[in-house]
Structure formats: structure tokens, C-alpha cells
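Student: Residues per chain, in single letters:
Number of protein chains: 4
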Amino acid sequence: MSFAKPLPAYFAKRYHGWKATAYEENKAWYRRLADEGQRPRAMVISCCDSRVHVTSIFGADQGEFFIHRNIANLVPPYEPDGEAHGTSAAVEYAVTALNVAHILVLGHSSCGGVKGCHDMCSGKAPELEEKSSFVGRWMDILRPGYDRVAGIEDEAARTRALEKEAVLVSIENLMSFPFVKEAVEAERLALHGLWHDIGNGTLEEYRPSEDRFVAV
Amino acid sequence: MSFAKPLPAYFAKRYHGWKATAYEENKAWYRRLADEGQRPRAMVISCCDSRVHVTSIFGADQGEFFIHRNIANLVPPYEPDGEAHGTSAAVEYAVTALNVAHILVLGHSSCGGVKGCHDMCSGKAPELEEKSSFVGRWMDILRPGYDRVAGIEDEAARTRALEKEAVLVSIENLMSFPFVKEAVEAERLALHGLWHDIGNGTLEEYRPSEDRFVAV
Amino acid sequence: MSFAKPLPAYFAKRYHGWKATAYEENKAWYRRLADEGQRPRAMVISCCDSRVHVTSIFGADQGEFFIHRNIANLVPPYEPDGEAHGTSAAVEYAVTALNVAHILVLGHSSCGGVKGCHDMCSGKAPELEEKSSFVGRWMDILRPGYDRVAGIEDEAARTRALEKEAVLVSIENLMSFPFVKEAVEAERLALHGLWHDIGNGTLEEYRPSEDRFVAV
Amino acid sequence: MSFAKPLPAYFAKRYHGWKATAYEENKAWYRRLADEGQRPRAMVISCCDSRVHVTSIFGADQGEFFIHRNIANLVPPYEPDGEAHGTSAAVEYAVTALNVAHILVLGHSSCGGVKGCHDMCSGKAPELEEKSSFVGRWMDILRPGYDRVAGIEDEAARTRALEKEAVLVSIENLMSFPFVKEAVEAERLALHGLWHDIGNGTLEEYRPSEDRFVAV
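Chains as they are written, first to last, in this note's numbering: chain Z, 1 to 216; chain B, 1 to 216; chain Y, 1 to 216; chain S, 1 to 216.
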């Protein structure tokens, strides 16, 4: 693998700083986590976006959250077709092997993936419709959400509504997994829908009783 | 969606703490990130494992790293078959839309996904061979790596070697994406392989010149 | 300009080392910074003193901090008189063109400029009072700070207090610039006062609630 | 000073990493520097731009370079009028108090200050001509340089030539300071003109014998 490159000093310096401070202060705990395995309280499904850090927002430390991050925090429907499904594998592992008590789906403002879905579904980004577009095929998961918001006049409002649909579609799809449904019904697992505004720092949760997102 | 549940106070409390401190201290910067968009320096592909926080290890703050996390930090081979491939979508977005300068693949010790692959390939976990096992089908990506370490006598050593293969197989697969290969060859993108020991805090990088992992 | 001289090999050797390592490792990122422009998170105003490196202390890499360095990290009061004011120009550019989210004023121990101010104000360095002394006229900015510490008996303690006054006077003067005041009041900009001890490596920040400097 | 704010954790974390690594490894040297004072080999005058780090480019460590950074690395002409001149004070201190052996003036590509001067002098930025513009009045120092490049047809080439003029005008102005001229003539001090390309990492020096900049 002659194409792999050594790590730039920039990253190494950062790592050595962590090692000498956070690791050093907590090494007894880190060793226990290594020896005894993880026991996370919750799974979090959030976006890859560099501006959204679930570990910051929830003050998470090592061992607390099992975190899956993909484009637009999406969960595809249950489809046991023998192909590789990374998100479904993460959900399966969290629920059946780790027995997490919560799954949080965390959407956010200014989501590039959701914007792409919006443009694709409204005909403005035909290149995303191509078979070879991985982003386009991934965002197909959100098409049912687009249909529900397509009638909103204002584009900014429609896009924001679609960001929240990305959360709701994912929760719906989670319930299509038999082991998720079973755990939810047995009250061993609770699902939560969240949406975060990067700029003003607010966090909204989906309130099923009101069928809308409200500030936490 | 009557099955979605309100957020427990545990999470809300953590969030409110973050909002009153880190957000409050940095809100001017967060607003700019929201207004001007992200410009991350690197993409990181790491595991969902709750004990591995790339944001801690590299002292990352909001806006610095585009982070994809899946089981065992795997990248599948390039397969533009029109199906939903979450990892491939994340790589495509990072390289073609965000123009990241680096991709770091970060493996780690005691990886449950790698252990599952090991047990599956060595015949100890037949349930993972079933078509309906999402974890099994996801870990199929690592089978070529298993073949390379199967001859190692000691099981602990073999498993550790397989954890490092998860990094190397992913880097090989990254190079099968035409847009990654092109960016690497044009020196617009550099790939890096890393492996982190949770218990003792060490970080190793793959050194192509020596064809092995050495401490950073 | 026959008086300009070729660069000694000493400097060229250092540069070539950097080019072959740090530049080579990060060139994709450096090219992006060149193409897309800078977007620093903070402005730092620190001293020219060779022993104080804000880039080291804050682990800064290219693109992170807009750095102005002058004698004793001073900011003069707002004075739009049509003359050349280098510090005021730097502050104006950082706040109005780059929209930095933070300004850090970083003072330090054993500051030669502050010592000169002390000696000048206490009558021990009459040569600094001369009109032709650039250092003396520059250190005039700190005279209001000297008045506040003149009553401290011990000379070493008085000088140290004056080093901290250099930070506080500069923050006061920053607030006399209308565009700084406006940005601070709109919470688009935050000002921070710091003092660094070169010998023992400590960093203190000014805590407004306690009206004193405390260890970070 | 109720408007000063505590330091965000982001900066504090970076500092603590430095303290536990670079400081800890070098504390004997840092203590000597604190006790015995600085003895820098050279003064460097460079730009505030976040993408230009003279400490990186020349592999500088604490104690080596006395660094003044302002917009566009400019030195004004000698003008002992009793007003505060920050750059002149820094030069005076470096030459007469520290006896540095070299002064390096380091210009760079994509300089925002030089671009502003270009636009002001070519009539495209009338707002910079206003008396209240600190950036405009500071960039007046470079007007003689603009006159020398105004005839260059291509705007990109003209701007680049002006970046190099910023270095040459500053060296000319340095020679207008009697103490600089005297030290240069006595060969106690050497002046050097440099220009750095951020994107491709090259460094050029002014060669007086050829009256042009050539790669180091």
C-alpha cells in the first residue's frame, strides 16, 4: 500500500496533547473500559457534518454513547437481502448485542445531504438522479419525507421541514426492524427524534403527543 | 409516530449544560460556521464503539473533521449499483463536495465487529453467516483481511492483526473509488491508516515504507 | 537595493526542512487555504518577544489564528486622525473583514517593553521620555496602567502588575473602537485577557467577575 | 471590565496539551530563557495572515526570533514625531536593545492588505481612501510601490508584483532609520527580503545582484 501516507505532525501533536492530559487523568477508567468492554447507555445516529458533535452537545465521555454517523442521519428500511448495509448493521449490533436503552436520531440545520435531496426531488439537481451517484442513492431514503413537505411554499421552510423529516423517516424505518420493534414494545428501548440548530445552539425534540418538534 | 418518546431529563440536562457553557463561549464562531458552511480539513472514518472518540483524541472542535462512524471503520469496495451505500455516499461527499485534504481510517483494540468477523470466518459464529445477519454481511467486507491473518497461531494476536487489516482493507477499498484514486494521485488527498489502543492510550500509524503499524 | 543581503544557509536549511516535511504532509490543505482564503477563528495580539509563541501555546496550525505581534501586546486608543496606525489597521481588518469571533490579548512575564515603561514612568529611564524614542512613545499607551500600580511597594510585584495592566489597558482601548464595541455588544466578538509565565509555563486569564487573573 | 470574557474551553484544552508535552519536555530551557532573557538571532517582520507562520517555515523554537507581525509586513519611513509608531518601536528595540544580526521581511501570496492597496490605488476601493480607514492609511505606506508596478497589464501579475514591493519598500524604509543604517553599514546587521507562496510552499528571496526574487 505505497499510497498510504504517514500522519502529519499536526495530528500527532494533537494526539500527544490528549495522551498527556485527558488520557493520563482518566487512564484507570480507560483501562477498565478496555478490559470489561463497553456498556453504552444509548445509540446516537447523527450526521457526518463537522459542525455537529454529539459528544459535545451531550457532554459525552468515553463509554457512554454508541455513535453511528452518516450523511443526513438516515436509517434505511429493513431489508435483509444479504447485501452489506452499514447502518442496519450498526443498529442491529446496538440493539441485539449491546442492548442500548435509547436510540437518538439527531438531525441538524444547514444539512448538505438534506439540501441535495431537496434539489434532487425538486428537479434542480438531475446529476443526483444518476445511478452512479452514491449521495443521490443514499438520499433516496428520504424521498417519502420530501413528498410530505413538497407543498410548503417557502424554500427555506421546506428545506428545514425536510431536515426534520430525515429524523422522522429514520424513526419510522427503525420500527421496520423486527428486533427494534420488539424491544420498543417490550419497553427495553426508547426512540427519540432530535433536531439541532448549529447557529443558535437550540435543540428540539419530536413530541409525539403534539406531532411536532419543540425546544428541549 | 406514537412510539417516539420524549427525551429523558438525563440527556436534556447534559444539553443545557453544554448550551450554557461551550455554546455560550463560542457562539460567534458557531454562528459563522452556520452561515458560511463547513470547511473541514479531514474526513475521519472510525468505529461506532463508545470508547473511541476521535474528537477527543485529536482535540477536535466544531468544524474541523467530517466524521463517518460505522461498525469496525470499514469502507466497502466501489460498487455503483444504484443501491443505497451509506459509507460510499459519505466518502463521495467528503472528497467531491468538501474537498477534504486527508482521510484518516481509525481502527481500535477490542473491536466487537472485528471479533465477530474473526469468529464468523473461523467457524465459531455460524449465526453470522446467515443472510439475515446485518453484522455478518457488513463484516464480509473484512474477509480478504481474515485470509491474510488466518495463519497466526495465537488467537489474541490474530484478532489484533485483523483489527489492523480492517484499516488496510478499507484503505485499499478507498482506492477503488475513481474520485479517491484521482485525488490521491493528484496529491489533493492523502490517506492515513491508524490504530488506537483503548486501554493504554497508544496510537499507531501504518508506515508504508515498513509495511507495519508503528507508534505515533 | 544593494544593501539587501542573500539569505544565510542557516535559514534556507530550516526552510527546506519544513518544505520537505510539514509542507509535504499538508500541501493539499495549504493549497485549499491559498485558493479559498483564510477563515481564522480568532485574532491574537501578543508580544514580539522571541520566547512567546502563541502558535505553540495553542497548538495552532496554518489558518487558525490571525496574529498581530508588537512590543508589549498593546492596543492604542481609537484615533482616526488619518495617520498610519498599524495595530488599529490589524484590529480593523480582523473585525470588519475577517469577522473573527475572538480577540485574545496575551501578555507575558519578563516583558522588556513593560520594564521600559516602568523605568520611564518611575524616572529611572529619562532617555525613554525623549521625543525621538519610538519605544518610549509606544509605551506611553501603558501610562494609565502605570498610575494604577505605582503604589505597589515591591518592584518585582509592581512590574508584574504592570504586565497585566498592558493586557487590561489594551482591552479597554479595544472597546474604544466603534466596530469592536458594536461587535462585542452584538455578541459577534468576545475579548479575552491572558498572561503567560515563560519560565513555569502557566497561563492566567482575566476573570471579570473577580477582577483578577487566575490560572487557566 | 465587565465586557472581557473567560477563555473558552477550546483554547484551554489546547494550552493544557502544550503544557503537558512541549513545555514539560523543554522546561529547563524555558526557565533559562526566563531567567537570562531573550537573545534572538533575528527579527522577522511578517504579516498577521493566519496562513503564514514564520515559526513553522523556519522551524523556530522559543528564543530564536523576535517577531513583529502587522498587515502586509510593512515598515513605515523613519518619522520621530513623538507619536506612537508600533512598528518603528519594534525595529528600534530589536536593533538597539537586542542587537539582532538579521532582519527578515517576509511577504506572501494572496495578501489581503496588498490587495486592498491595489484596489485603493487603482480607484476600485474609494472607501479605503477615507481618513477613517485604518487599513487604507496603513496601506498608504505601500503607495510608492504601487507606482512602480502600475504599468503591469495583467492584474494578477500586478498584484503579485505589489506583494513583492511591500517587501522592498519596507527594506528601503528600514534604511531610513539611522540606527538601522549604521548597523547595516558596520555589518552588525543584515537585511533580507523574502516572499512566500502559501499554496505551493515556495520561498523566494530578493537577490540584490539580479534585482529580482529567486527561489531559495
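Check before you lean on any hint, since a few could be wrong.
Identical copies carry no separate label here, and so any pair may be met within one copy or between two of them.
The list that follows gives simulated cross-link-like pairs (lysine-lysine, DSS-like), each with its CA atoms no further than 25 Å apart [said to hold, decoys possible]:
id, residue 1, residue 2
1, LYS27, LYS5
2, LYS19, LYS124
3, LYS13, LYS124
4, LYS181, LYS5
5, LYS19, LYS5
6, LYS27, LYS13
7, LYS124, LYS5
8, LYS124, LYS164
9, LYS115, LYS5
10, LYS27, LYS131
These are calculated hints, taken from the structure and not from any lab test. Here the structure is a predicted model, which is why all the values come from computation and not from measurement.
Student: Could you run down the list of hints and mark each one as holding or not?
Tutor: Here is what the structure says about each hint:
1. With identical chains, the CA atoms of LYS27 and LYS5 are at most 25 Å apart between copies only, with a shortest distance of 13 Å across copies and 29 Å within one.
2. In this assembly of identical chains, LYS19 and LYS124 lie within 25 Å of each other by CA distance neither inside one copy nor across copies; the values are 47 Å within and 36 Å between.
3. Taking the shortest Cα distances, LYS13 and LYS124 never come within 25 Å of each other, neither inside one copy (43 Å) nor across copies (41 Å).
4. Taking the shortest alpha-carbon separations for LYS181 and LYS5, only the inter-copy value of 14 Å comes in at or below 25 Å, while the best intra-copy value is 44 Å.
5. Within a single copy, LYS19 and LYS5 get their C-alpha atoms as close as 22 Å, and across copies as close as 16 Å, so both meet the 25 Å cut-off.
6. Taking the closest pair of Cα atoms, LYS27 and LYS13 come within 25 Å of each other both inside a single copy (19 Å) and across two copies (18 Å).
7. With identical chains, the CA atoms of LYS124 and LYS5 are never at most 25 Å apart, being 38 Å at best within one copy and 36 Å at best between copies.
8. When the C-alpha separation of LYS124 and LYS164 is checked against a cutoff of 25 Å, the pair qualifies only within one copy, where the shortest distance is 21 Å, while the shortest distance between copies is 43 Å.
9. Proximity of LYS115 and LYS5 under a CA criterion of 25 Å is satisfied in neither setting, with 33 Å inside one chain copy and 27 Å between copies.
10. Taking identical chains as interchangeable, the C-alpha atoms of LYS27 and LYS131 are never at most 25 Å apart, the minima being 48 Å within one chain and 33 Å between chains.
In summary, the structure is inconsistent with hints 2, 3, 7, 9, 10 from the numbered list given earlier, while agreeing with the others.
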